[in-house]
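Trainee: Single-letter residue listing:
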Amino acid sequence: MKALAARRHHRFAPVVLLLLALLVTGGVYALLAPSPASADSASTQDIETGKKLFQANCATCHGPNAEGSDTVPSLVGVGAAAVDFQVSTGRMPMAANGPQAIEKPAQFDAEQTSQLAAYVASLGTGPAIPTADQVDPAKGDAASGAAIFRTNCAMCHNAVGAGGALSEGKFAPALTDVDPRNIYQAMLTGPQSMPVFNDANVSPDEKRDIIAYLAEQHDGSAGGLTLGALGPVSEGLWAWVVGLGLLIGAAVWIGAKSS
Amino acid sequence: MSTTTTERAAAGTADYLDQRTGLGKAVKEFARKTFPDHWSFLLGEIALYSLIVLILSGFFLTMFFVPSMTLVTHDGPPATMDGVLMSEAFSSTLRTSFEVRGGLLMRQIHHWAALLFMASIVTHMMRVFFTGAFRKPRELNWLVGTTLLILGLAAGFTGYSLPDDVLSGNGLRITDGVIKSIPIIGSYLSYFVFGGEFPGEDIIPRLFTLHIFVVPGLILALVGVHLFMLVLHKHTQYPGGGRKDTNVVGFPLFPVYTAKAGGFFFIVFGVIALMGATMAINNVWNYGPFDPSPVSAGAQPDWYMLFLEGSLRLMPGQGTEWVIGGYTLSLNILVPAVIVPGILFTFLFVYPFVEAAVTKDKREHHVLDRPRNVPVRTALGVAFLTAFIILALAGSNDLIATHFSLSINAITWAFRILIFVGPWFAFWVTKRICLGLQRKDRELVLHGHETGRIVRFANGEYIEVHRPLDDQERWLRVNYDAHRPLEVEPATDSRGVRRKGYKQDRRMARLSRFFYEDRVEPVTPAELEAAHSHGAHDEIGAAAGREEIGSGSTH
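Residue numbers (our numbering), protein chains in the order written: chain P, 1 to 259; chain E, 1001 to 1555.
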């Protein structure tokens, strides 16, 4: 004790104290924070853990019972598909308010996500997470998908899913690297500005056709570099920058050689 | 041995032709024709060579394209179009792209060449405009060139619509709307163009005839006129020592320009082929066969039509459509799609004549202006370019929104304000820059280059030594016309009778004041003389021990 008391005015004492405080805070957090480790396969267990996760991470906005408020949607009846879409793409929990929730690295792993989904699904019936078979691009018909995509999706997402602008800073994201499961879920649940394409509008088979059409785009274009697949504006920009740039360069070279 | 045989064969053929056509005279004349050298004189050549590439690749494409709107079920690649109902035009485009050997390459070369054709025409016109190459005797050639620009737009538009995909069909739908917006005759005209209600079954064959026959025929004929007048007038040249309105300083067509121009053709062809081989353009199978209902995000025309798209996007819709006596006046389309391009093309067509009228200059000009020496012309050109660019950006507002994370509504409002403010601001800034550069030139001519050498006189005075300009440098800066505003003759003649045309003269004088009120006169020999005697100490050069140093009275 005396040794401690003697050193309490040592110039490193504040640093040591700070480190200790951080260690204690971290330790307490690790003990009290919701832990995914104890989840087992039992559904009721999942729901229980999901509820804890929800209350720790989502309830601030969506309310303790997911009932929502004037500005925040209620999650009763949105189904597991909506939760899986929003959480696995990192859109929820939102990092900041903005025109729309932005895709970012997911905060929860697959197991936690499924627990959250199980909890929200238990609040009221809603669309379920599609099976692997439902979203398998190999089983869809790309030609039929192209036709359905053209009439239902291309006006916001661009003809090959390169994305497009909506009003007031909102946008339809690019679909190039989106997981087929998420594409299916988005159609089913209509996240943010997107309308719902339920199974009466676009049947499950047609949804799979759309996924097959989008998978076709992964190979790029037969014509070479896609230039963002944005259409004539980017083509015009490249014609001026690359084409006319090279040609004016050549003209300067030819004009300079003799004089 | 073989060389002599070749030579003899060549000489024989030449002689045979000369005796029957008198070709020798023309060859002799042409081979000695002199052209001045400058890179900007090659911009028109880029347009000419892309036109040749367009004709060659277009010829290939007509071998496989079927201009028909008859519906067929497409059978074959790509997978996304297999078994889809579409017009024969679209199906044959897909077949050209995926089944004809080299077909896709040809399509892409054709399209890139079209974009470059228009881009090089615009840059060539910019060169001609800013250097005043449209002045007498070349006003008519400027009109031919502007007509070629419009024909280029027509060729692009008709060709763009041929594959009958969704994107080009959207463009046709807008065209239909524009035609219908013309008061009274609009709907009749639309039925006339499309052979019934849009889209009908006639438009693709009609556009095909225009695209491969009428428009290129007119372009070729006018290119012939354009080049004939170029040879007739002789080429303009940039100002410089020894270059006058009565001579052409440069190199002969043969062998220098045959080599340069011939080589440049292969460079242009090479660049276009490289682009066609590596960069995808207008992948019509992405858009799918035309159907009037879908419009995809990012639906825009090729860049040269983008300013029209932009002006349509900027025009507010509410309150701009009126029904008068049973006829609809659709200002929301009429203003952006008819009046805005009308202003642009009227400006291009009349400008040479307006400038000639306010200048009252009847002389021939073969030496080009430096843009700074005609500030209002340069500023007007920049103002119109600014408007064109703002409209083209407005036509891309959705892509600006997604790529820079901005609100499309905010962008649209910003452009609505900029389209009125931007050109005026650009005019003012450019004019000021030009006048500033002219003053800088005067300064240089009168005082010479700063050398950084500080010399102290015996009486303690310090001066910086200025090196006078050499003759070439001075020539460039003093040989230009600073036109003055026109003077109006009195309203009445000597007998007090009112003079006819006085009001017209006064209007012209007012316009002339707008052009030439602010001007910087070139340095006159007298001014130069005065400046030199005034600043004689500036010319002490390296002779440090000269006697004036002692006097110190010259300052």
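Possibly wrong hints are sitting among the right ones.
[To be verified] Non-contacting residues of chain E with respect to chain P, defined by C-beta distances greater than 10 angstroms in every case (computed):
#1 E1029
#2 P1078
#3 H1111
#4 K1260
#5 A1299
[To be verified] To spell it out: a stretch of chain P is covered by chain E in this simulated footprint if at least three of its residues, at any positions, have a beta carbon under 8 angstroms from a beta carbon of chain E; those stretches are:
#6 66 to 75
#7 138 to 148
#8 181 to 191
#9 244 to 250
Since the hints were derived computationally from the structure, they do not count as laboratory data.
Beta carbons: idealized from backbone N, C-alpha and C, even for Gly.
Trainee: Look at each hint and say if it fits the structure.
Mentor: Hint check:
For E:E1029, the requirement that its beta carbon stay farther than 10 angstroms from each beta carbon of chain P is met, with the minimum near 22 angstroms. For E:P1078, the requirement that its beta carbon stay farther than 10 angstroms from each beta carbon of chain P is not met, with the minimum near 7 angstroms. Listed as a non-interface residue, E:H1111 fails to keep its Cβ farther than 10 angstroms from every Cβ of chain P; the least gap is roughly 8 angstroms. Distance check for E:K1260 against chain P: the nearest CB is about 5 angstroms away, which does not clear 10 angstroms, and the non-interface claim fails.
Not every Cβ of chain P is farther than 10 angstroms from the Cβ of E:A1299; the closest lies at roughly 7 angstroms, contradicting the non-interface assignment. Check result for the region 66 to 75 of chain P against chain E: violated, 0 residues qualifying (beta carbon to beta carbon below 8 angstroms, three or more required). Taking a C-beta to C-beta cut-off of 8 angstroms, the region 138 to 148 of chain P contributes 5 residues in contact with chain E, enough for the three needed, and the coverage statement holds. Check result for the region 181 to 191 of chain P against chain E: violated, 0 residues qualifying (beta carbon to beta carbon below 8 angstroms, three or more required).
Coverage of the region 244 to 250 of chain P by chain E holds in this model, with 5 residues showing a Cβ closer than 8 angstroms to a Cβ of that chain against a need of three.
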